[in-house]
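K.L.:
Sequence:
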Amino acid sequence: MAFLFCFLFDLGFWVSGILWVLFFSSKVFEAFGSIKFPYVYPDPESCRLRAALAKDSGLESDYIFAGCGADELIDLIMRCVLDPGDKIVDYPPTFTMYEFDAAVNGALVIKVPRKADFGLNVEQITDVIEREKPKCIFLTSPNNPDGSIIDDEALLKILELPILVVLDEAYIEFSGIESRMKWVKKHENLIVLRTFSKRAGKENLHFSLVSSEAYQQSRRGHRTSAITGNNPNTSA
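Numbering-wise, full-length UniProt numbering puts 218 at position 218 of the sequence shown, and it's gapless, one number per residue.
Hints were generated in silico from the structure; no laboratory data involved.
Computed cross-link-like contacts, DSS-like style, restricted to lysine-lysine with a CA-CA straight-line distance of at most 25 Å:
1) 111 <-> 157
2) 55 <-> 198
3) 182 <-> 55
4) 198 <-> 182
5) 157 <-> 185
Based on the sequences and whatever the hints tell you, model everything.
P.N.:
Set out below in structure tokens:
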């Protein structure tokens, strides 16, 4: 009885909200009427969205994976790569979601301190990877919160190590440097994260892309239904 009551309460809440929107916005009816294939499930591989992102980025759509926000993709990467008890390398101070999602996925976090200028200590990273055998390392360039940039030489040295490298470029548009997205064609252990939340101020349309040859195994079955449209064969 309690379950039924809660269900009806929740249903009533949502129905009342929907009725409120329908009553005050005629644009809702226009939007419903413009849906070309309302009876077709959304494309599970986000073909139209990835094609648009490929045109925008200059990287082929086969290398692009779309998700509902960088936070979701960070968690998804960990769920695809890590088993409980596995290790990741974090480089604080930096974006806190790496450590948070690692804890959620039962992973251990190895923290490597930065240099005085907030730069990467590649020698220490190399030592930690050889000694601890972590599965992946999360790097942010420009870094959040200090804005430091990872130079090509340092990144190339880390990419030579036996570890998955996740490069978060959420703030790349504010740096004046070129994205490393196209590097994924040469480095199979590289994932590059990008987002529209910073670039375009679209927090209410929050999705990101991952570019990685090695990451395509997780593309199938993942849906971004709210933003991909209904039919992959219709024009964007």
